[in-house]
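On the provided structure of chain D, position chain A as indicated by the hints.
There are 2 protein chains.
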Amino acid sequence: MKLPGQEEFEVSSACENVPTGELENGPGSCPSPDGTSDTDRGDRGVPTDPLLFIQLNELLGWPQALEWRETGRWVLFEEKLEVDAGRWSVPHVPTLALPSLQKLRSLLAEGLVLLDCPAQSFLELVEQVTRVESLSPELRGQLQALLLQRPQHLIQPTGTRPCQGSAHPREASHSEEAPLKEQRQNPLRRKLPPGAEAGAVLAGELGFLVRPLGAFVRLRDPVVLGPLTEVPLPSRFFCLLLGPSTLGRGYHEMGRAMAVLLSDRQFQWSVRRASSLQDLLAALDAFLEEVTVLPPGRWDPTARIAPPKCLPSQHKRLLSQLREVKGPSAQHGALAEDRHGHWPHVPSPELQRTGRLFGGLVQDVRRKALWYTSDFLDALHPQCFSAVLYIYLATITNAITFGGLLGEATDGAQGVLESFLGTAVAGAAFCLLAGQPLTILSSTGPVLVFERLLFSFSRDYSLDYLPFRLWVGIWVATFCLALVATEASVLVRYFTRFTEEGFCALISLIFIYDAVGKMLSLTSAYPIQSPGSPAYGCFCQYPDLGGNESQWKETEPKDRDDISSMDLGLVNASLLPPPECARRGGHPRGPGCHIVPDIAFFSVLLFLTSFLIATALKHVKTSRFFPSVVRKVLGDFSSVLAMLLGCGLDSFLGLATPKLMVPSEFKPTLPGRGWLVSPFGANPWWLSVAAALPALLLSILIFMDQQITAVILNRAEYKLRKGAGFHLDLFCVAVLLLLTSVLGLPWYVSATVISLAHMDSLRRESTACVLGEPRSFLGIREQRLTGLVVFILTGASIFLAPVLKFIPMPVLYGIFLYMGVAAISSIQFTKRVQLLLMPAKHQPDLLLLRHVPLSRVHLFTAIQLACLGLLWIIKSTPAAIIFPLMLLGLVGVRKALEWVFSPQELLWLDELMPEKERNIPEKGLEPEYSLSGDTEDSELMYQPRAPEINISVN
Amino acid sequence: MKLPGQEEFEVSSACENVPTGELENGPGSCPSPDGTSDTDRGDRGVPTDPLLFIQLNELLGWPQALEWRETGRWVLFEEKLEVDAGRWSVPHVPTLALPSLQKLRSLLAEGLVLLDCPAQSFLELVEQVTRVESLSPELRGQLQALLLQRPQHLIQPTGTRPCQGSAHPREASHSEEAPLKEQRQNPLRRKLPPGAEAGAVLAGELGFLVRPLGAFVRLRDPVVLGPLTEVPLPSRFFCLLLGPSTLGRGYHEMGRAMAVLLSDRQFQWSVRRASSLQDLLAALDAFLEEVTVLPPGRWDPTARIAPPKCLPSQHKRLLSQLREVKGPSAQHGALAEDRHGHWPHVPSPELQRTGRLFGGLVQDVRRKALWYTSDFLDALHPQCFSAVLYIYLATITNAITFGGLLGEATDGAQGVLESFLGTAVAGAAFCLLAGQPLTILSSTGPVLVFERLLFSFSRDYSLDYLPFRLWVGIWVATFCLALVATEASVLVRYFTRFTEEGFCALISLIFIYDAVGKMLSLTSAYPIQSPGSPAYGCFCQYPDLGGNESQWKETEPKDRDDISSMDLGLVNASLLPPPECARRGGHPRGPGCHIVPDIAFFSVLLFLTSFLIATALKHVKTSRFFPSVVRKVLGDFSSVLAMLLGCGLDSFLGLATPKLMVPSEFKPTLPGRGWLVSPFGANPWWLSVAAALPALLLSILIFMDQQITAVILNRAEYKLRKGAGFHLDLFCVAVLLLLTSVLGLPWYVSATVISLAHMDSLRRESTACVLGEPRSFLGIREQRLTGLVVFILTGASIFLAPVLKFIPMPVLYGIFLYMGVAAISSIQFTKRVQLLLMPAKHQPDLLLLRHVPLSRVHLFTAIQLACLGLLWIIKSTPAAIIFPLMLLGLVGVRKALEWVFSPQELLWLDELMPEKERNIPEKGLEPEYSLSGDTEDSELMYQPRAPEINISVN
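Chains as they are written, first to last, in the numbering used here: chain D, 1 to 954; chain A, 1 to 954.
With the rest of the complex left out, here is chain D (with noise of 0.2 Å):
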């Protein structure tokens, strides 16, 4: 049972309008410190407030036509009436001049402060406020009269054109108590949290009364004030402030200044507690001693500042009023909290040595056993569904690219039929049996790499190469089911962020390099006629007077008279293009007749459209046009829509562009192999044995591709309940590399872009998402079901193999090219990277360069530039067999800039390493505690600490 503002409760669809892409803060964006939402939920340790919604009700019009009108609207900014045009405002951060705020307080100060008021009803408010002695009782029946009248809100329907939410505008009637029709289908409410309470604030210039009147209530139960809120809750403040003329605008100011103090978490904390005069205005200076001023004539106090993206933690601050209030002690389980969440390298339970044989995966199998039934059960819900097509959709279109590159690499070995098997039944198992079952597991860049070098090496040495495989598969097993035994997975906890940007920076270059070069190649298969090029012309010869010549004309006289052969004055020989002119018996003759025009260009022009297509659309998601439905389903699906496009260009034109080969039978790709794979084959005996020393480097490169993914996978900011599993996964990936092996299919580890996409289909965000306040992340639907369906499908879609052969293989390196940049801008190193080329003062004012000289910077980047071009001159080389161990030797460079950078440099510029988190004293750490001070020390709690791989490609 879920107790309300003390839980999270469920993306409804009236949050769906919402600009997600503004407001989403990716998982690691904007962590905030303790692992909690402050807005919707109470920190924890501290008592929970329903949340308040504030209203301010302002009266116009004096002296002629008096009416209350709601001008201003409060939950966590403000909103605005913008008269003229009958709309709310955006919201924004109120800002407010600091006399308005003094006024106010001696308005209290000297008014009616009425705590734990009884009133039932607004008439008996109502009554309760005016019982002052200064009024006169005809001037209290008028004054009466005048709250009484309904105010006029401005109630914006979901759609676009607005609509005045009092029927008569000036018509004065009275309030009942029973809220309007129009206030109960206020979309607004649902907006709102079960359980919010209102706060109203009436403010207005009123020209009869001799001296200002302030009243301040509290009710004791909060009741529905009939239609003085747009939104029917039941209120528990109401703060009426009113006065002669002599202040004008004062009112307004003095009002706004009322909600925006109630609007403050701590106020409305004191406010709750108070029981006197002197606990408001305590609670007002507290306030008055936390704000933030902003210069005149720096600022124009007109402007309007948009939310923040992260919220200052309101934690602290309330834990102050705590410690008031409970004593010193009542903080330390929360502060001890605090420590935690900034410390994401305290080393989580899964990555704790049992110190016995096999004891990782047991612990992984005993954690994950208990929420196994949860794991198909948390599946129930519409979010799922979409996040299987989607993520079907990325799925097949990366079965169908890396199954292309495949069959080239291995020369048919395995194709896209194999692919497709493949990865249905890997996954399907994975996703069944895993530690992690967000993970989603492909063919890769880095195993496609050394599968190619398997097979040139194979090929070069006349070795028959499946049976070989398999016997690489055979050991890569055995050793990583030794690195299971070992619990060697604890060893990730040396891959910093230096190691993973190496990686990931190596994997996209890959896929951008291989796109390009393919693309090219393309264009030296169909090669440009120059204009002077002397092949030029092609013609259609037939077989000698000799010959056949006889059964030619008897077959298609009619034919030849149409080409014209005839008018042409040939003899024997036609202009008939070359495939008809063999299927008619013919030999097409001449320099010509291999080359098909246009095709060059024509490959060209599909593969910078897909790629900016998919560039563009993916754009679409966090651009302000359309419904957030249509942006989300452009966005989502943008790589496959680029497809769909580029597919039906191409069939438009009919050119004979090259396209995807799919075989159109359920049959291995190579003509004449069975689905097993014979051990042996033509190779001899002791193959077996000597496939050890590269299934010892691929085992390397599968430890660091599988560990490194589920590293990124299992990060803190994405707040996953149920735990990482890594001995588990290694486990299931070395059982299913033995199985594809022996059934001929392609490996698979985890991939990091798409199980990335996976997790972000499946993000869990909070509700409250009104008035501007972000959207507060809250976890990962965490079960095994979506992936399941999603590998089953692609299991299905193997039938789709008649469909697939319409696809041109440049629309597909496009896709390649986009997924490759996609993947290379998401890093930090990148970021690095371009901060290279820009001037100084230029530069974004990023936390990293407040706190790390800028050469420093450079000189890391520089580093990591090094490694990389290491990296790709040994994957270029013959050498490149060797590439796995060279990627484990990342971590070495890494150990060895502890030489060169400061721990403190390091912890901006990367992440510490085990041994040094403890060796180091804690104050070292922090560096923002012990230099900066005070004004700083929530810094930290904004910088994106994690090497943000948020790359969402789909």
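Hints were generated in silico from the structure; no laboratory data involved.
From a predicted model like this one, the values you see are computed outputs, not experimental measurements.
Hints may contain errors.
Same chains, same names: a pair is fine if it fits in one copy or spans any two.
Stated by the list, open to error - Computed list of lysine-lysine pairs in DSS-like fashion (alpha-carbon distance at most 30 Å, straight line): (1) K80 with K831; (2) K841 with K80; (3) K841 with K181; (4) K831 with K309; (5) K719 with K309; (6) K80 with K309; (7) K632 with K841; (8) K632 with K895; (9) K621 with K309.
Relative to chain D, chain A alone:
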């Protein structure tokens, strides 16, 4: 003689590193209400004080190693020392905590305040400041020694690498009175205006003090206080805030508060004139009255707010100060100016009707004659050189593209050569004689459309085109002279934004449509060969055996073998490419002979490439990358660079793409015509009279095209000093039209796009660009020389003809597309069309939307769209000849809109027309005053009122 701080000082090289793209506020984007920049020039009517550079030196290292370090500096905004990173932060709006201001106030109230201190050196000053009772002589000595210790500055050279200002950071050398070398070489000094003064704030915790020590000193005569401030400016203010450790970082915050106070213009004003402690405290209280307060919890106090693009006017604040001093009469003049600034539609003297024949022209000539000498002298500035280069390249690009289009439109009656010649002659003459010499004459879209219609009409009726055109020209000149005589140009006041936008959108759409249409027509000229198409093959047929076969055999026996005709078994035929075949006397035969492969797609590629590169390079200007010189070059020459790249790509592949046809000799493009057009040619005599009918339409078109552009160029926000010359301009256009008709050259009117680019390249800006201040726009270098030189160069470019024929047409079409897209993107109409596609809650916070209901905005946009659609339809039908009339009809539609929209709405959506202005009470025209009251009255100042057709195409 310029007084310091009174006039702008010229743009110096020191400022060129500022990211102009970001800081640049284009003309009209940030109009200050009184037409002045309040930062480096005094507000009119208000005494001017020198600019103040404030530095905070903080005492660090208590108790072990005391040292003074500069940790903050202020001119307009705050720059903070990033201690760890060793760099200055980006300039930002300073934020303070309220308590630090209050503590500062009490410290000052109890402390030492010396106003008009006569100290002549730092030593004297230190002695005066430490003469406090609470200090024992021993402590006083210690304190004096400490104060005289040399502070550390971080002096950042212009390059990227910062270096420590002090050579020996920890050396406690006593400060000498002479400024250090690094201070004198501080690049910051060059960015501060001459006459600037310094203010030094020294703050910190000093344990040996028993009670806080506060001192505020205003020096009678500012002196350079040795190495105290990083820039050796004479110091006017000195403030000391020291105390025991109880406050911790409190002294730092108090020091910041003092610095922020001193950086406030109004506080400066008061404190320069203060005669007692009370005055000082009153100034502080006045500051507090005006601060903007941000509530805690809704704003992160450590967040740095980027300097706003528009600062609020200090006018009002200073005036209120002034009122107290000088009484109300002092402000009257300034307020009147304020009103004038608000009110762009008060008819300017250029547009007041004299009532005499040619009265306007005479007035224009008289007014401009006064400036004629300065029109040449004002050009003596290096900026003009780069403007010439930029506009020259833009002009020849324009001349080439329009020349090519005109050649096609008139079947060679005009061509590129005529375009160059005419541009040079007409442009140069206009720059020498016209009223607004910043205008660049060019062929324009509408005139091109008209010329095309005229040509097809005369072709359809078999008229002799050029003589017919001559008569049209004669009539148009006559009509235009009549318009000049009757002072018709005063009617331009009826051209509101509605008309301008309709006109601009139409021109842009014609550009875009033409570019895409031309591109598509290329693909039909060079068809794509689909594989099954029968148009396949081509061979070279030799003449009959009975003919000159012998000659063939004799001349080229070897070649025939090369083509392997014999191998192919061909008789009397070979596979030579068609051009080669024809050259050798054979006949290309076959359906494929006229097909040039690959050209179609390659053209599409060239088209897209040049468009995308031009667009991308344009954006480089506002990016963070590269030094600003590089960015400026790439951005300014984007279209020229895109053209060069396109040509390079084309010649690299060497395909037979269609190229720009240019004459190789200096003679009319049409063969057989002389430079003078014969008055009748083959036409009947009455045609010279009948030509008056099309001439009437063309006159309207010329008038509209010329005057709309002139209105845009002479906008108030460009701050032109020498005034416009609407009548004189039209007179010049009419005379030149006659001239070009006689010579058979194209017709010219003012070109909006290129003229705005011209003005943009001649912007004068203030240099005080240090510390985040937006550069203020001072005006345009109004002179005749740049235009004149541009057109002389253009004329000389006719000899470039041999180079120009390497330009492929698809590249030119791509540049055309770019120009069209750039122009249509720049108008507010486009932004409102985009609003149609945005859900209401995602719309940007435009001031327009704050004041006009969305449905009314949409209605206005829809009406504009309908007008545009109607214009487009008329342009496409045979009725196109009445198109100029329809353009005039736009003014009528706008007039009719007054029945649909209220004046208030029209004020926000458009502008008001002259009558309405006069007839409506003033209050109704200032909705922001009447409704929203005090807090928003500065909104209007920041509203980009002008129809920002800031097309900045190069």
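Now the hints, each set against the structure:
no. : hint           : in the structure
1   : K80 with K831  : between (38 Å within a copy, 23 Å between copies)
2   : K841 with K80  : between (37 Å within a copy, 13 Å between copies)
3   : K841 with K181 : between (57 Å within a copy, 24 Å between copies)
4   : K831 with K309 : both (20 Å within a copy, 26 Å between copies)
5   : K719 with K309 : within (19 Å within a copy, 39 Å between copies)
6   : K80 with K309  : both (20 Å within a copy, 23 Å between copies)
7   : K632 with K841 : between (36 Å within a copy, 16 Å between copies)
8   : K632 with K895 : neither (42 Å within a copy, 43 Å between copies)
9   : K621 with K309 : both (18 Å within a copy, 28 Å between copies)
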